[in-house]
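4 protein chains.
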Amino acid sequence: MTNTQVTLIQIDNYGPWTVTPEPRREVDLQALQSRLYADLSQLFGNRNGYVFFSRFDNMIAVTNGMTIDAHALIQESIANRYPVTISLGIGVDRTPVDALGQATSRLQEAGSAQDRTRQEILRGEMLDESQRTDEDVQIAHFDVNNATGEYTDRLNEFDTFIQIEQGYAELMRYMRMAHDSLSFFVGGDNVIAVCSTIDRPAYEDAVEHVRSTVGVDLKVGVGRDRTAQDAGMAAKRALERCREKGTAVVLDL
Amino acid sequence: MTNTQVTLIQIDNYGPWTVTPEPRREVDLQALQSRLYADLSQLFGNRNGYVFFSRFDNMIAVTNGMTIDAHALIQESIANRYPVTISLGIGVDRTPVDALGQATSRLQEAGSAQDRTRQEILRGEMLDESQRTDEDVQIAHFDVNNATGEYTDRLNEFDTFIQIEQGYAELMRYMRMAHDSLSFFVGGDNVIAVCSTIDRPAYEDAVEHVRSTVGVDLKVGVGRDRTAQDAGMAAKRALERCREKGTAVVLDL
Amino acid sequence: MTNTQVTLIQIDNYGPWTVTPEPRREVDLQALQSRLYADLSQLFGNRNGYVFFSRFDNMIAVTNGMTIDAHALIQESIANRYPVTISLGIGVDRTPVDALGQATSRLQEAGSAQDRTRQEILRGEMLDESQRTDEDVQIAHFDVNNATGEYTDRLNEFDTFIQIEQGYAELMRYMRMAHDSLSFFVGGDNVIAVCSTIDRPAYEDAVEHVRSTVGVDLKVGVGRDRTAQDAGMAAKRALERCREKGTAVVLDL
Amino acid sequence: MTNTQVTLIQIDNYGPWTVTPEPRREVDLQALQSRLYADLSQLFGNRNGYVFFSRFDNMIAVTNGMTIDAHALIQESIANRYPVTISLGIGVDRTPVDALGQATSRLQEAGSAQDRTRQEILRGEMLDESQRTDEDVQIAHFDVNNATGEYTDRLNEFDTFIQIEQGYAELMRYMRMAHDSLSFFVGGDNVIAVCSTIDRPAYEDAVEHVRSTVGVDLKVGVGRDRTAQDAGMAAKRALERCREKGTAVVLDL
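Residue numbers (the numbering used here), protein chains in the order written: chain D, 1 to 253; chain R, 1001 to 1253; chain A, 2001 to 2253; chain B, 3001 to 3253.
Everything labelled a hint here was simulated from the structure, so no lab data went into it. Because the structure is a prediction, the values reported are computed rather than measured. This list has only true hints and no planted wrong ones.
Examples of chain R residues toward chain D, derived with CB under 7 Å:
no. : residue
1   : Gln1030
2   : Ser1034
3   : Ser1041
4   : Gln1114
Label-pair ranges, simulated between beta-carbon atoms:
no. : chain 1 : residue 1 : chain 2 : residue 2 : range
5   : A       : Glu2022   : B       : Arg3211   : 27 to 37 Å
6   : R       : Pro1201   : D       : Glu240    : 47 to 57 Å
7   : D       : Gly215    : A       : Ser2112   : 51 to 61 Å
8   : R       : Gly1246   : B       : Ser3130   : 50 to 60 Å
9   : D       : Glu208    : R       : Asp1217   : 29 to 39 Å
10  : B       : Asp3115   : A       : Glu2109   : 45 to 55 Å
Every beta carbon over 10 Å from chain B, so not counted as near; a handful from chain R, in silico:
no. : residue
11  : Val1019
12  : Glu1125
13  : Ile1162
14  : Ala1178
15  : Asp1205
We put the CB at the ideal spot given by N, CA and C, even for glycine.
Could you put together the complete structure from these sequences and hints?
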């Protein structure tokens, strides 16, 4: 049974800041956002967590095993190095979507994302150390079959991008609705999903759903472990086995 | 009449590199990709260009005014600082999508994106200085009406993300099909489109299309100038005027 | 009694790389070196260690509490993100200088710093967990008395820099010769020293030595703890107390 | 005749910020400082300038060819991405030390480096475009003869560092006193000096002075050009010729 600890990272009052006193240069905002994400990826990654950039002003992390103190230290480290601050809400649940729901509520209860006085909130529930198991986090790593040969080397790059993007948009929606799972595009033709306890037929169904709906062919490797990092690495290795064996779904559970 | 110079930036042989000799840690790949993008954003930005992360292993830039030497210097600078190299294809056309088509073809003709021996390609056509005008680049900056109040402060963050993502997926497809334009999600609830010469009714039509198709309410500010940076800043200011006036489309052409 | 674990970080074959096939642009080398240092500062810092940039191609870290696995992970993370690799030698001793001596020997025995085939060495002795105490690391944080009023706001910046630099050059030499301690300039008018078990008269003597030899007035706060980070923070707080009380030496041991 | 445009970059009110409300974590300050330097190195480097980290809170740049607008854009870009702001003073003179003197005075006249209300000052004189020549900037690139064989591969790394540091401390002082030149350690065993119009005997004298005073053997390549970047690259190539020919001084003027 999965038991996922999810952290919502929200830049405080970011929208207003980007246009105060007048719109800031886009190239600086892009550098700011992507470096903030890179740093968070390392800060959470050093503690066996995963962060996804999602909307950049709101990022979502899987943080099984991370304490409230570790969260506080990350919050402080960002404040020491960036012109913006971050708020953190944390939730734990059998399904990733409900864990994120709790994490989100904790920030929403503290005030609006665009409330100037709501800064550096840190609230939430941690997974108790005694309750942790090697089945807590289930990660699925999807990619597109032969994306380079089918798309990248043949189409206008934007048309390739449209294909990947439509595949992702459909997969993210379906996995959330059908399986309470959170799917994130991570670059190239890759999507990483943080899943509830779902089995082989469910993955086969998702792959089939995306193929029949938007015509994009996926394969997926799945791993399960105590932390995001370990489950994610198992998923990557399982995906390599898909490649070698030519199969659409490999589970390493 | 727009005349857009577009550069395709492709990491050489990236997919294979990420799994050689075995899968590399995802948190490092994410840090690598997002910092590479941040650096390119600054390198092109310092020359009045814009870069969009799109798929991260393939990024798309608007580079009016940038010479082949400037491109070569950027290519060298990345090789000096990263474990990967980049190839650059450049195209110029009345429409952004055709300019990107040329840029893409130039790399495809040089070999596969996953060909180990195809490295640091630099090919393409530049916009001749004598032909440049103040109407060459048209940029549209879209955002979602009251995204914070409607979504961020109310929904589970993933459901907010789904809304934004479905709006983007629909807009990117429509703007490409109907208007030969390239639209990129840039974080939060923002999309920046590199457009051909399109007018107010076309923007109104796109906003209406997204509303009626996926139920997401957009507004858009549009700017036009000699470079991406100047056109983009005009678009941001126009978007601020949408906000002040409560209108869906403001053109500053 | 101090018992310091010291890690020597050496970029593999760096000198030759910087001029192959011809000299690389200095601005890229500077960005590469300083970002590598920033990343190491975070990677070691996330594990309660301190890194000093010293010569940038050779950096020195205090790593009490860090395992060989933690070192291996840092080594791998750098290889995943940089065009260069690093070797790590680790030593433990009563005095920091002897610990570094062991760390250095381990790399020297593995080959020259400019041997192309000597890559990613990882060798050394760790401080056994059972032997660790709250007195293992002693850190002294020095700064120059009223540097802003005396120098920065009055002299040509280079002449200020010369003063600070001569003070540092004298302090580093004296602390090493007289007290087997390693002193590092860390920016502004600050020097952090990793010390053996030395007492108040020894610090008073060092401050007096620098004043009488090169005319630079220092003060110093000293902390001691289980890790570099905790000892260093205690030293900073002690230095604040010097400032408040107007005294030259405050020990928080 | 050299004619050097020098910019002093000063972080506003940095010292107080680092200890407010209490001392900030050193590993964050180190990451902040070194990344700020890396970014400035790229921002100035993209405009053919050089920046030296010197004290990190005060950095010194050679900016021949850069306008006041380019300086303003860099200032704005840093404010958009960092929790601190920078002030810039600019001076031009036959000798680098006097150019820096003017740059320093402009900031000192605007207030103290630790005045909370003195922020983002931008003042100074630019080198007029019509007066620029290919002899404006003279750069000397020094390194230590056989540093790897003599020191790195043989001594405790701190003792190597002491040798390099004593050599640098002596060279920086001598070049400033005898030749109005500004010398900066740039990592490894390398020092880059921004020089006035000095000739071969002067370089031979400096090399001899350092050898006889502190026993460190240097060699030096010298270049001259319109910008720091071009002069610096010529100096690097000249240093390669020293290596090949086994001579102590090569001038490419």
